[in-house]
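Q: Single-letter residue listing:
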Amino acid sequence: MKFAVIQFPGSNCDQDCLAGLNGILGLRAEYIWHKQTSVDGFDAIVLPGGFSYGDYLRCGAIARFSPIMQSVVNAARDGTLVIGVCNGFQILCEIGLLPGALVRNRSLHFVCDMVTTRVEVADSLFTHGCGQGALLRMPVAHGEGCFFADEATLRELNERRQIILRYATADGGITPDANPNGSIENIAGISNREGNVFGLMPHPDRACEARLGSADGIKIFRSMMETVAAGRMRAA
Amino acid sequence: MKVNVVVTPKAAVLDPQGAAVRDAMQHLGMPEVRSVRIGKFLEIEIDDKAANLETRLHDLCRDLLSNPVIEDYEVQTPK
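Heads up: the sequence lines are chains G and A, in that order. Everything in the first sequence is counted per the working numbering, starting at 27 for the first residue and increasing by one. Everything in the second sequence is counted per the working numbering, starting at 8 for the first residue and increasing by one.
Just so you know, the hints here were simulated from the structure itself, not pulled from any lab data. All figures in this text were calculated on a predicted structure; none of them were measured in a lab. Glycine included, every Cβ here is placed at the ideal spot set by N, Cα and C. None of the hints are false.
Residues of chain A clear of chain G, computed beta-carbon distances all greater than 10 Å:
| # | residue |
| --- | --- |
| 1 | Val10 |
| 2 | Thr15 |
| 3 | Met32 |
| 4 | His34 |
| 5 | Arg44 |
Reference listing, derived: stretches of chain A covered by chain G, where coverage requires no fewer than 3 residues with Cβ under 8 Å from a Cβ of chain G:
| # | region |
| --- | --- |
| 6 | 23-30 |
| 7 | 73-86 |
All chains should be modelled from the sequences, with the hints used to inform the complete structure.
A: Shown next, in the form of structure tokens:
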């Protein structure tokens with residue numbers, strides 16, 4: 027099974043993603059430079075964290091026009107799994123694969139911390155290996171991670187069960203104290219309507235080994251692998 | 008030709024930068040200040056002989072210079 031990690035100028039979690047994914051048995055991850063134009067042959071696509079194009083103008087605003095992104099959009103429309111972490115989440119919102127936007131943290135501070143998130147959708151293509159209400163501990167590191175969507179979009183996200191992760195307390199409570207950036211309704215990660223595109227601010231790529239403080243990120247990548255494997259079974 | 012583009016956060020979007028500056032202004036002797044919103048000001052020089060300038064500029068304002076989910080923009084053409 028082969029995952030692509032897209033590298034933009036200014037990506038800085040591409041190595042974390044590659045190392046995290048390659049540490050999982052049965053999975054091989056490879057870089058794709060943003061100037062390439064094809065993601066053919068890959069089972070899933072990872073947009074890593076970082077500061078693509080220096081985050082000039084808005085986070086992700088320039089990266090969305092990179093040559094590779096048209097093929098990422100096409101692959102997403104064809105049902106390929108796409109995950110955007112941190113800056114990758116911002117790029118997915120900018121290009122319109124995910125609704126809403128990520129704006130300056132309410133505190134105005136760059137937050138760099140370990141957070142707890144609660145799995146809100148136990149049967150999503152990215153979290154079905156976690157269980158309903160499971161708590162995943164992952165690091166966050168961002169200045170613009172405050173998720174915003176207008177009321178109509180927010181209602182739709184709730185109704186269609188697209189809110190996959192919310193920031194939670196250590197015992198699973200969804201409270202303002204657990205919210206590191208002021209995101210509406212403690213939203214930490216959402217999917218598109220079809221469920222095959224997922225963006226989240228916390229870093230599963232930096233939580234792939236107990237020695238790093240948490241190995242919960244692996245659960246997300248494993249869920250993706252199982253989704254891909256199940257898709258192959260159906261196709262066969 | 009010079010064109011200015013002003014990008015501002017939509018009313019529904021929280022602007023913590025603006026709130027911090029409002030507080031600072033109030034503390035520094037202007038308690039009358041009710042609110043501050045912080046946006047972006049882009050000064051653009053364009054070769055004005057190009058075709059369909061206005062339409063193309065508005066397209067890019069929507070696609071690149073602003074994010075319509077969170078921002079409004081205004082194009083100002085100095086007389």
